[in-house]
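Going line by line, the protein sequences match chains G and H.
Each residue of the first sequence is one higher than the one before, starting from 1085 at the first, in this note's numbering.
Each residue of the second sequence is one higher than the one before, starting from 2 at the first, in this note's numbering.
Just to be clear, a hint being listed does not mean it is correct.
[Said to hold, decoys possible] Simulated crosslink set (DSSO-like; lysine-lysine; CA at most 27 Å straight-line): (1) H:K253 x G:K1567; (2) G:K1121 x H:K376; (3) G:K1604 x H:K253; (4) G:K1121 x H:K116; (5) H:K4 x G:K1406; (6) H:K4 x G:K1604; (7) H:K302 x G:K1406; (8) H:K286 x G:K1338; (9) G:K1604 x H:K18; (10) H:K286 x G:K1406; (11) G:K1406 x H:K18; (12) H:K253 x G:K1484; (13) G:K1341 x H:K349; (14) G:K1412 x G:K1487; (15) G:K1563 x H:K312; (16) G:K1494 x H:K349; (17) H:K253 x G:K1412; (18) H:K312 x G:K1484; (19) H:K376 x G:K1233; (20) G:K1406 x H:K323; (21) G:K1158 x H:K116; (22) G:K1339 x H:K349; (23) H:K18 x G:K1494; (24) G:K1604 x H:K286; (25) G:K1121 x H:K82; (26) G:K1604 x H:K323; (27) H:K312 x G:K1412; (28) H:K323 x G:K1233; (29) H:K312 x G:K1338.
Simulated from the structure, these hints should not be mistaken for lab results.
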Amino acid sequence: MESCVDLKDSKPTFIAPSVTDSGSQLIEGLRELLGSKYVTSDPCLLDTYAWQLNGDSVNGDQFVRRFLAVVLPKTTEEVAGIVKLCVHFGFQYKASATGLGPWNGPGVEDAVIQIDLRRMNNFEIDDKNMFAVVESYVTNNQLQTECMKLGLHSHIHGAGGQASQLASATSFNGHGPDGISCGFSSRNVLGFEWVTPEGEIVKAGSFDSSGSWFNGDGPGPSLRGVMRGFFGAMGGLGVFTKVAVKVYPWNGPKKLKVEGYSPSYYFNIPKYHGCGFVSLPANDIKARVDFGYAIGETEVCSHIINNSPALTIAALVPSNNKAVEGFKVPLLNDLHDNFYLIFMAKHEKEYRYKQRVLNKLASDANGGFMGSDDGLVGLRNKFNWARRVVKDLGIYKTLKSLKWSIGYMKGELQLHGFDKLHTGNGTPLESNLYGALLRAGSNIRAVASMGGSFITTMGSLLPWDAVVRSQQIHLAIRKDLLKKGKLLMQDQGDGDHGCMYEAGAYTHTESVVLYDPTDKSMQDIIKNFNATMDDASINHKVGTSIASFGPKGAAMYSEPMLNYDTYTQRIKAVFDPFNSADGSYYTDSKFKLGKEAEAVISQAKKERVPASEIKFPDNSRYHASKNELAWIEKRGYGELEVGC
Amino acid sequence: MKKVLITNVTENLADVKNTREKCIRCSMCKFPPLAVVENSEHSMGCPSYEEFLFHSNSGGGLVAMANSLDRGRSEITDSVKETVYGCTLCGLCDVSCKYGAAVEVFDTLLALRKKVFDEGVVYPEHQQIIDSIKNNNHPLISHVSDNHQAMKLSSDDSADTLLWVGSHFARDTRLQGWFLDIIKLLKAANISFKLLFDDEPDTGRAALEIGDVELFKRQSQKVSDAIKLTGANQVLCLSAEDYSTLRSQTPKYAPLDVPIKHITEIYDSIIKGGKLTVSKVDDFKDVAWHDPCYLGRLGGKFEYWEGVETKINQMPVYVPDKPINYGTGGVFDAPRNIIDSLILSTRKEFSRRKEYAFNAGESGQAIAVMPEFAKATARRRLQEADDLGIRTVVTECPKAYLSLQAVIHEFSDIQLISLTQLIMQSNY
Chain G
1085 MESCVDLKDS
1095 KPTFIAPSVT
1105 DSGSQLIEGL
1115 RELLGSKYVT
1125 SDPCLLDTYA
1135 WQLNGDSVNG
1145 DQFVRRFLAV
1155 VLPKTTEEVA
1165 GIVKLCVHFG
1175 FQYKASATGL
1185 GPWNGPGVED
1195 AVIQIDLRRM
1205 NNFEIDDKNM
1215 FAVVESYVTN
1225 NQLQTECMKL
1235 GLHSHIHGAG
1245 GQASQLASAT
1255 SFNGHGPDGI
1265 SCGFSSRNVL
1275 GFEWVTPEGE
1285 IVKAGSFDSS
1295 GSWFNGDGPG
1305 PSLRGVMRGF
1315 FGAMGGLGVF
1325 TKVAVKVYPW
1335 NGPKKLKVEG
1345 YSPSYYFNIP
1355 KYHGCGFVSL
1365 PANDIKARVD
1375 FGYAIGETEV
1385 CSHIINNSPA
1395 LTIAALVPSN
1405 NKAVEGFKVP
1415 LLNDLHDNFY
1425 LIFMAKHEKE
1435 YRYKQRVLNK
1445 LASDANGGFM
1455 GSDDGLVGLR
1465 NKFNWARRVV
1475 KDLGIYKTLK
1485 SLKWSIGYMK
1495 GELQLHGFDK
1505 LHTGNGTPLE
1515 SNLYGALLRA
1525 GSNIRAVASM
1535 GGSFITTMGS
1545 LLPWDAVVRS
1555 QQIHLAIRKD
1565 LLKKGKLLMQ
1575 DQGDGDHGCM
1585 YEAGAYTHTE
1595 SVVLYDPTDK
1605 SMQDIIKNFN
1615 ATMDDASINH
1625 KVGTSIASFG
1635 PKGAAMYSEP
1645 MLNYDTYTQR
1655 IKAVFDPFNS
1665 ADGSYYTDSK
1675 FKLGKEAEAV
1685 ISQAKKERVP
1695 ASEIKFPDNS
1705 RYHASKNELA
1715 WIEKRGYGEL
1725 EVGC
Chain H
2 MKKVLITNVT
12 ENLADVKNTR
22 EKCIRCSMCK
32 FPPLAVVENS
42 EHSMGCPSYE
52 EFLFHSNSGG
62 GLVAMANSLD
72 RGRSEITDSV
82 KETVYGCTLC
92 GLCDVSCKYG
102 AAVEVFDTLL
112 ALRKKVFDEG
122 VVYPEHQQII
132 DSIKNNNHPL
142 ISHVSDNHQA
152 MKLSSDDSAD
162 TLLWVGSHFA
172 RDTRLQGWFL
182 DIIKLLKAAN
192 ISFKLLFDDE
202 PDTGRAALEI
212 GDVELFKRQS
222 QKVSDAIKLT
232 GANQVLCLSA
242 EDYSTLRSQT
252 PKYAPLDVPI
262 KHITEIYDSI
272 IKGGKLTVSK
282 VDDFKDVAWH
292 DPCYLGRLGG
302 KFEYWEGVET
312 KINQMPVYVP
322 DKPINYGTGG
332 VFDAPRNIID
342 SLILSTRKEF
352 SRRKEYAFNA
362 GESGQAIAVM
372 PEFAKATARR
382 RLQEADDLGI
392 RTVVTECPKA
402 YLSLQAVIHE
412 FSDIQLISLT
422 QLIMQSNY
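Work out the full structure: start from the sequences and follow the hints.
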């Protein structure tokens, strides 16, 4: 999400021209190009684009900077025209799609044109070659529902089904619960159509002789690295108007059957699909690491996430009052090491095979799978899960949890009617979970419903064991902050949310903090937390933080990360000689941290949590470091201290 | 620290500050809840955003406008007025937001309209509606009948049920035949009812939607007093808008302790109970129910809440537990049951249905000032029907019916019919 660093006293390179003169001419030109209906410069309407998630911690206000105007192009040619007009009049521009996040805002007030790509919402699916070509405003849900009709499945990133497929693929991060089978957004990019910072239309990737989109990156140099690098340029390198993305096989119905009412919908879990969660021993890091790698390598799951109790509870319950009750349920509160997953098969034989593999992996890790799988193996999975729970919680807490579980089921059935019981082949919990994973449908609910907002840190792409390590770091820091009276959201001491990608080849976990954005006292706490986590990421070598991209991120991470920003600066200089695309969240060679930001970072360094506490936090599962090191050595995944 | 007692009756922007400032611009409000999207063509939920395209035209955009105006960052301009009233107030944004997050979007939109109206910014057409409510006891500015049928009926003062005819069925020339059919069916089922005739006050819903909350409050009190005087123990609404208003809005400002029913619920009950004998007909193919917003997601019963907000660290909790309106408290099943009992074929469904149904352009008083927007919205609804192979669209909201009727001629394969007409044609 966003960095701790305050933009208010930063020094952007771009100097805005006189708004009163050339700004008016530019807006007039834009009206002529697009028609007045598709241009607005009304301050109140512009403010709707300035109201942003994390604006409070970025800008000291939930309103970030205001654009000069917002425009709505329909075609790539119109986008190119807008870009050329901006270049001509010396103004910057920034494109956005569904627009979640402060990086959609401008670096300079009243001097940047927002290109809202909302009218560009066409797509085509090439089912034989298994890719789709999507325009900027095609949502994840739109693509997925149409893919399913053709026996295909498309990746949905963590922001949810309502977010833009293209924006994630071309310009930002792209993790999601289906990552284990459908990869990461940036990894799914095949070709793309790009309006360069100066307004030239470029098609990159591989095309066949007819000029249509073709799958795969062909021979010769690829522009994908230039286009987005690791984090994406966040609008700082022109405008992407089309992207070809890989799609994957779907062994399910053409249309999902969904029953019930908001906020809990029942998905009829299709035949040969299984859904549920694996619980592992609460204090066995070796089991956790082993299981993570094995579940990836065996490729039995199509979806998997690791979620903290707080985020799980938020996604499950209809209100904060109910969440408070959820925090008292031992089953929800005490089990921190759950993996929520879906496995899919084409036929009975494959289904049984995957069940058995899941059973074996969970049993090897001394855990169990509680899910919608059936038959004897399903029973054995549930038995193992129950045994695991009783062992961790004890009889009393298990019975207490059982009481809550029965109450939850009863409540759900009362809400929807008992006749809905037969509509799915899983319990209400499993039916809900299935939908939540398939469409990343509960992610926003998990992070926004309780406090109102959230920030997230760490989250680099790492081997699984390094991810587990980053979680321990997070726990220790969080505990330390709580000890210092810097209160964060009630989260039962664990705010981690993570996924695996491409058969577990790499993974990521984010350390999420939920908070009330209207509470002004949180602004400093959030900044401090972010700085502390960034410092810890560097200090403990667990990659860059998902929160620290752009010039601000580079100010912290450049040196320990081999001066990576020198490359983005060179790319920017070559492709955008007039600095026309707003690169305030991409790269800026002249960027200087503000004094306030420097002070926050300096303070975070001074107040580092001692490494000893991170390795052996009192309340943590992490007490098997020797085993872990031995295991890693045996597996040959590199030394723990090296991290990524 | 002393806790301040708060309620869930919100009127001004200040009353919804705590919720509207928690919008994170996730865009959930623009679409149906993520779980239920069935196809790409009809995956949009917000009619205004679909028509006017800017983020400002969505629920989240309007919430941000409320935040901007409330903080004095901007002023009410013509563009602001057009954006605020270029919205059907259909409530889809509220349903989808609460599926994903927890912002009271609908209440914020009402408070935003109040703010605009209170500052003296009002369309002439809306002013006419307000004046008509005040002077004529109805909001109609066209198609007004001088010879309305309800006046010709007789009231059974011993009946327990008060028939709430509503301004539209009572006064709109286009609805008089439909109204008489309803009466015929009620009589056929031996349902007795009492009537208020000219003493039935307009609910003031139009005033609420325009932003004249003070007028709505006065009308609410009149409604409450009138119902109380009849001694009825049940109010039967013929109009979906009245059903929504009497269930979800009037009780915010005036006591209304009797159960409020809609005619579809009565139909369902009398058909199931054998009071109205119907036989299945094969005249209608590919039939689907259009959920009117007023009857569905805007029809939930308002539950008054008073209490305190406290915090567990950063998480607000309410003592006592505060009810949350998910938009699921209206009538959804009754009309479907009725259709199933009337047709031989299998009933179809819109892909956007029940609490996430797409609006037909009738609500929010946008139709009075932007008729083309209302038509475009109705057209989109019928296009959805066409794409799904629906050939008979059934509804029982006069305003939704009229809005759809305005463009039905563009869809030669689709017929529009009220539920009442469907029953009438089923050899009851």
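We went through each hint and held it up to the structure:
no.: 1; hint: H:K253 x G:K1567; verdict: violated, 45 Å
no.: 2; hint: G:K1121 x H:K376; verdict: holds, 18 Å
no.: 3; hint: G:K1604 x H:K253; verdict: violated, 32 Å
no.: 4; hint: G:K1121 x H:K116; verdict: holds, 25 Å
no.: 5; hint: H:K4 x G:K1406; verdict: holds, 21 Å
no.: 6; hint: H:K4 x G:K1604; verdict: holds, 19 Å
no.: 7; hint: H:K302 x G:K1406; verdict: holds, 21 Å
no.: 8; hint: H:K286 x G:K1338; verdict: holds, 24 Å
no.: 9; hint: G:K1604 x H:K18; verdict: holds, 14 Å
no.: 10; hint: H:K286 x G:K1406; verdict: violated, 45 Å
no.: 11; hint: G:K1406 x H:K18; verdict: holds, 23 Å
no.: 12; hint: H:K253 x G:K1484; verdict: violated, 40 Å
no.: 13; hint: G:K1341 x H:K349; verdict: holds, 14 Å
no.: 14; hint: G:K1412 x G:K1487; verdict: holds, 12 Å
no.: 15; hint: G:K1563 x H:K312; verdict: holds, 20 Å
no.: 16; hint: G:K1494 x H:K349; verdict: violated, 30 Å
no.: 17; hint: H:K253 x G:K1412; verdict: violated, 35 Å
no.: 18; hint: H:K312 x G:K1484; verdict: holds, 25 Å
no.: 19; hint: H:K376 x G:K1233; verdict: violated, 31 Å
no.: 20; hint: G:K1406 x H:K323; verdict: holds, 11 Å
no.: 21; hint: G:K1158 x H:K116; verdict: violated, 34 Å
no.: 22; hint: G:K1339 x H:K349; verdict: holds, 15 Å
no.: 23; hint: H:K18 x G:K1494; verdict: violated, 35 Å
no.: 24; hint: G:K1604 x H:K286; verdict: violated, 59 Å
no.: 25; hint: G:K1121 x H:K82; verdict: holds, 15 Å
no.: 26; hint: G:K1604 x H:K323; verdict: holds, 25 Å
no.: 27; hint: H:K312 x G:K1412; verdict: holds, 16 Å
no.: 28; hint: H:K323 x G:K1233; verdict: violated, 41 Å
no.: 29; hint: H:K312 x G:K1338; verdict: violated, 45 Å
The structure fails to meet hints 1, 3, 10, 12, 16, 17, 19, 21, 23, 24, 28 and 29 from the earlier list, while all remaining hints are met.
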